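Fit chain E to the supplied structure of chain H, relying on the hints for placement.
Below, each chain spelled out in residue letters.
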Amino acid sequence: MSNATHRPAVPGAVLAVLSGAAAVALLLDAAAQWRALLAALAGIAVCGLGYAAWQRSEAGLGALVALAGAALLAVGFFLAATGPETTTHRLELLPGLLGLAVLAAGLLPVRAGRERTLVTVGTALLFVGVVASGVFRGSPLLALLAATVATVVAWDAGEQAVSLGRQVGRQAATARAVLMHSGGTILAGAVVALAALGVYRLNVTGLSLTALVALLAAGFVLILSLRN
Amino acid sequence: MTDRTDTGRWRGVVALSLFAGTVGLLAQRPAVLLLAAVGAGYAVYPRLVPSPPEPEIAVERTVTPASPDPGERAEVSVTVRNEGDRWLPDLRVVDGVPALLPVVDGTPRRATALAPGGETSLEYAVEAREGKHRFRPATVLSRDLAGTAEQRATAAEPTVVDCGASVSATALRNLTGERAGELRSDVGGSGLEFHRAREYRQGDPMRQVDWRRFARSGELGTIEYAEERSASVALCVDVGAGGGDRSAAAAVARCVGAADRIAGALVDANHEVGLASHGSPWYWLPPKPGSAHLAQLRRALDTHPAFVPGSTADGDDVPDPADGSGVPGAETSAGGIQSPRAEAGTSAPGASSGASAALSDGGQPIEDESSDRERGIGTLRERLDSTTQVLLLSPLADDGVVDSVRTLEAAGNLVTVVSPGPGETDSVGTRLAAVERDARIRTLRRTGIPVVDWGPDENLENAIELTTGRSA
Chain H
11 MSNATHRPAV PGAVLAVLSG AAAVALLLDA AAQWRALLAA LAGIAVCGLG
61 YAAWQRSEAG LGALVALAGA ALLAVGFFLA ATGPETTTHR LELLPGLLGL
111 AVLAAGLLPV RAGRERTLVT VGTALLFVGV VASGVFRGSP LLALLAATVA
161 TVVAWDAGEQ AVSLGRQVGR QAATARAVLM HSGGTILAGA VVALAALGVY
211 RLNVTGLSLT ALVALLAAGF VLILSLRN
Chain E
236 MTDRTDTGRW RGVVALSLFA GTVGLLAQRP AVLLLAAVGA GYAVYPRLVP
286 SPPEPEIAVE RTVTPASPDP GERAEVSVTV RNEGDRWLPD LRVVDGVPAL
336 LPVVDGTPRR ATALAPGGET SLEYAVEARE GKHRFRPATV LSRDLAGTAE
386 QRATAAEPTV VDCGASVSAT ALRNLTGERA GELRSDVGGS GLEFHRAREY
436 RQGDPMRQVD WRRFARSGEL GTIEYAEERS ASVALCVDVG AGGGDRSAAA
486 AVARCVGAAD RIAGALVDAN HEVGLASHGS PWYWLPPKPG SAHLAQLRRA
536 LDTHPAFVPG STADGDDVPD PADGSGVPGA ETSAGGIQSP RAEAGTSAPG
586 ASSGASAALS DGGQPIEDES SDRERGIGTL RERLDSTTQV LLLSPLADDG
636 VVDSVRTLEA AGNLVTVVSP GPGETDSVGT RLAAVERDAR IRTLRRTGIP
686 VVDWGPDENL ENAIELTTGR SA
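Protein sequences, first through last, are from chains H and E. Note that the first sequence covers residues 11 to 238 in my numbering. Note that the second sequence covers residues 236 to 707 in my numbering.
Extracted from the complex, chain E is given alone in its bound form:
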């Protein structure tokens, strides 16, 4: 994590000695000659100061509010503490502000000196943008007193800003129920919700007998409850499309944020939720119910490299671009993560190493990218239960996604698409992309696939209700 560089800044001071010595000699001035001693002294000085140890830095970051509304200011406070037992005389801290959140007040940077145990705090404000945004590790540069050696390190504190309104289960219920018909069924049975009362028939379970009615009138009756069958939904986040530019990163951030909220709503309604990434790197978490599972799913959305929007979109903000490999990927070793490539024994050359590069620099050949995604969809299909629905979150930035949707539908899995719309359409390129996206939406809708067109300033729940209302 740390690398040390020598700045060599005092090297030139010897010239001062040579100059003073030469002039003093030529002009026969002993006093001037003695000035050479100053240069000599400063040449030795960097050798005498202790070089900085590896900075032991603890970073704490708080964001208030943790889930701001889009456009709202979020105050960020970062506390940097010197955990070591030595002075850090020249410490430079640059916080890893998410690439898509503009800093609107203050600065996420600070240079200071820290005594052992001393701490400093940075305060600044960012403007929230729709989606999930992960802070990168703070970059820390430590110089020794003379400034000759510089140590670079990163200090991670996983912070995620989740921005956007929550989605209620009812909106989703419509969305998924529309096509599946397997959520709250109209079949009377042993659910929880009251369905109807009817005459007692032989063999009805005792606990469904309406004892009040029996006490009142002496007649046996049976209460039926609406049978609820829980659906199994795989959320599939399209992360690999459109290169690594800013608007693509913003779209991924919105998709990830929406996935988080939809997963929450689905789990609240007792459904099984799984998570997959569409594109590379590949991620798969099989559908399961329960809040523990939801926590794991959310952790994956927060920390897995697949779901980092614009991990290097803004590299020049940091002294040296903190490369994408610095993201705390180690925390993703939770259960349930299976890489198809790892199992397949890396069938494609460079597939494993390109896993994170494909998203971050967008420099992979298109063909490689699309075949990567085809493989991903193939693997996803193999893993999906035939009854599992797929909710694909995609900006619909390329035709490959349309093919993926068709592949899934052909395999018998019902697909619903939620697509965040393009932010600004101020250039010819973005306008053209928007037109193409509209065409893709029409194509999908023609084949009977509901597509939620989620505008940049629109509430997700409203968008979903609008779509389901229209198709009903």
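One chain only, chain H, in its complex shape:
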């Protein structure tokens, strides 16, 4: 009855995209990579504006703006594919950028009803980018941990934006709930990252890889048994 549109809530969606961007940005070091990321982010932002205009039943203007946004996004991808000198730089950037675009597509949403899938796929791609950076370039552990936490926060905020959108709609004020919830997630991430860093400082990496794997596997089984 109330003309609420059940689309992902805006504050959560913005937070999710920003957090996803942070996950990518934390691992960048070449200027060309930055240019590509900024172009892609600008493209997503313009697309969002176009979508907002379209929602206010200014369809023509909205479509035009969204088209400009898509063009900017394409420029971002082009820069990412051609700009950085080394292949490793491209390899770590491309999955991240793609993930960011998919995440934004899920939250706009490009296709209603598929928001959750797009959010999950987008953040999974973001994480692939993070792992690629760790594997190919051997990025510092702190940056890797922070990027991983940022990825989880992006997924969590995106998920919450979708559920808020379903339950209270896009028009409702949701910022306070989003801040509280994501605050908790970020805090938990920080604690986990610090703990992992502490373990790292204990020089566990000096152990043989098999020992480390055994340790992790044991921890894993413990967690799984706790959950059930």
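No wet-lab data here; the hints were simulated from the structure. In this text, all values refer to a predicted model and were calculated from it rather than measured experimentally. Where is the CB? At the ideal position from N, CA and C, for every residue including glycine. Do not rely on the hints blindly, as some may be mistaken.
Have a look at the derived ranges for each label pair, beta carbon to beta carbon [as the list claims (entries may be wrong)]:
| no. | chain 1 | residue 1 | chain 2 | residue 2 | range |
| --- | --- | --- | --- | --- | --- |
| 1 | H | A40 | E | E295 | 54 to 64 Å |
| 2 | H | A40 | E | D320 | 46 to 56 Å |
| 3 | H | S235 | E | R534 | 54 to 64 Å |
From the derived model, a few chain H residues whose C-beta atoms are all more than 12 Å from chain E [stated by the list, open to error]:
| no. | residue |
| --- | --- |
| 4 | A41 |
| 5 | G58 |
| 6 | Q65 |
| 7 | A69 |
| 8 | R100 |
| 9 | A122 |
| 10 | W165 |
| 11 | L225 |
| 12 | L234 |
Quick look at which bits of chain E chain H covers, simulated, 3 or more residues with Cβ under 8 Å [stated by the list, open to error]:
| no. | stretch |
| --- | --- |
| 13 | 302-315 |
| 14 | 338-350 |
Below, chain E alone, put in the same frame as chain H:
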């Protein structure tokens, strides 16, 4: 009132650990392997946050103006307060806007975090529509900090928006007086209103002697006052007709609103007013005079499930449809409510459980529905005094009502029908229904029963005066 569900949203985070662990192992990168710790940490995180207690929420709702005119904007302000002593980190509130009132500004929804004792307020505006509209309880969803557990509850604050112009007693006086002849009688007697002065006769009461005239001229005279006999009127609201669609719900809302105003006018004029529902659920309040009785009658109109228009007509507006059973029916345990079924020991199977379902989902078989109403009319007839008039408020959506009117008339109770007309006649179905309704009105009028045809944008008082003027 509360149920808890687990969202299971963090379950997938383990995949992150597996992926990082596998890749780290294969690529022999300890740093990547350690990223698995993040996934593991987040898998444990929901276990560490306190799960939300049952949200203790107080809801206050104010509607200004409380009785708007049809088409007017009514501002609604809802304050939600956390009465518990724990944080509610993710609280989602959806107010139970009446199904027939469209929200024209703002949104009746909010997600927020509330500290103990903290409060938030929702402001929105609805457009008033003719009739009485009851707010449903607000739906409250509370999630814990990690979002793994969700508690659903409802918080009730009975608010009723009464929309429409009031009816003055004079209009009704004509309406009922026309046929009954027992309101302000032309018989001189001991009423209140001056009737005439005449010569003193032996045995006239002392207090009716015109002492001024005696002082002036020394002659004894007697003042007669118009004798007023109060009428006894049973308002009968047709609530069970036409299934549960939107226009039917709107018609019930108008009937209930009209019943409220007519009852007020009748009680103002010192008449006895009773209330009955025609259809199911059944409700009966015997006619009595007095403002306390009027208050009870109005409370019944506001809170009894029989008089809720479109209780589930708009279920998809709420995250999960708040079922009709959630309406605050507990408040209806005021005296005077007698269910014929309860006394009859539930003669029909499913009659008691179907009491509210019949109105809300309209999914009951037609036959069951009509026999239900026949039973209701039979019971009403038994309860009615022979001198009690019946004022039936009905959209005249089916032939069963016509039969009911005939039954009552045959039993000697004078019946007057007030019928709200159909809102929009833009489809073939609604046009056909309108034609059928006109035919029913003609049938009733032919048999000498006054029918007030109350158009959608018409003032009720005007409609009544028009009808009584015509039949006079």
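How the hints compare with the structure:
Checked against the given bound of 54 to 64 Å, the beta carbons of A40/H and E295/E, roughly 58 Å apart, stay inside it. Range check, A40/H to D320/E: Cβ separation about 53 Å, and the 46 to 56 Å hint holds. Separated by about 57 Å at the C-beta atoms, S235/H and R534/E satisfy the suggested range of 54 to 64 Å. Even its closest Cβ contact with chain E, about 25 Å, leaves A41/H beyond 12 Å, as expected for a residue assigned away from the interface.
Under the 12 Å C-beta cut-off, the non-interface status given to G58/H relative to chain E holds; the minimum distance is some 20 Å. With a minimum CB-CB distance of about 14 Å to chain E, Q65/H clears the 12 Å threshold, and the non-interface call stands. Listed as a non-interface residue, A69/H keeps its Cβ farther than 12 Å from every Cβ of chain E; the least gap is roughly 23 Å. Every CB of chain E is more than 12 Å from the CB of R100/H (nearest about 18 Å), matching its label as outside the interface.
Every C-beta of chain E lies more than 12 Å from that of A122/H, the closest at about 15 Å, which supports listing it as non-interface. Non-interface call for W165/H relative to chain E: violated, since the shortest CB-CB distance, roughly 8 Å, does not exceed 12 Å. Its closest Cβ contact with chain E, about 10 Å, brings L225/H to no more than 12 Å, contrary to its assignment away from the interface. Annotated as non-interface, L234/H brings its C-beta within 12 Å of a C-beta of chain E; the closest such distance is 7 Å.
Coverage of the stretch 302-315 of chain E by chain H is violated. Counting CB-CB distances below 8 Å, 0 residues qualify, and the rule asks for three or more. Counting residues of the stretch 338-350 of chain E whose C-beta sits closer than 8 Å to any C-beta of chain H gives 9, which meets the bar of three, so the coverage hint holds.
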